[in-house]
Amino acid sequence: MDLNSGANPQRNTLGEDRAPMALTRVLHLLRLLADRPGGLSLAQLSAALEAPKTSVLSLLRGLTAHCYLQRKDGLYRLGPESLAMGAQLVAARQSEAAERRAPRAPQSSSSACFDAMCQQVLQGRPHRTVRRDHHMEAARQ
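Per UniProt numbering, the sequence shown starts with residue 1, numbered consecutively.
Don't take every hint at face value.
[Claimed, not checked] Derived DEER-like restraints, expressed as beta-carbon distance ranges:
1. Glu50 <-> Ala102: 40 to 50 Å
2. Ala47 <-> Ala102: 25 to 35 Å
3. Ser95 <-> Asp73: 34 to 44 Å
By construction, these hints were calculated from the structure, which means they are not laboratory data. Treat the numbers as computed from the prediction; the structure is a model and nothing was measured. Each residue gets a CB set at the ideal place from its N, CA and C atoms; glycine is no exception.
Construct the complete structure from the given sequences, taking the supplied hints into account.
Here you go:
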């Protein structure tokens, strides 16, 4: 059984991993379990992470204590906290994508007028302001 397919974390372009080992292992562990909803044993996780069982067990205990993992029949699965965090990550990604796709709000006439006046001033052209129907409009002299 190949547990590493698609679960290996990407290393930076320098080939160096500057993250603390425990953090890297936790993230890799979560990804492994996300790929295997049926769960994995301590031995399987230890082999996939290429880490001592004692180190992996320590991580598993901490993640299980905080409900990021669940243990049943000797297998570890993602827990409710991991699933909630995953849902939040997906929602954040969708929100960012929606913001990028959203059309820009039309500019108000007073705002457009102000922008036009600023452009004229920056370009050294004289301007005068005429008040009409509660809107400011810029006109060249």
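Here is how each hint holds up against the structure:
A beta carbon spacing of about 45 Å between Glu50 and Ala102 agrees with the range 40 to 50 Å that was offered as a hint. At roughly 47 Å, the beta-carbon separation of Ala47 and Ala102 lies outside the given 25 to 35 Å, and the hint is violated. For the pair Ser95 and Asp73, the beta carbons lie near 38 Å from each other, so the given range of 34 to 44 Å is met.
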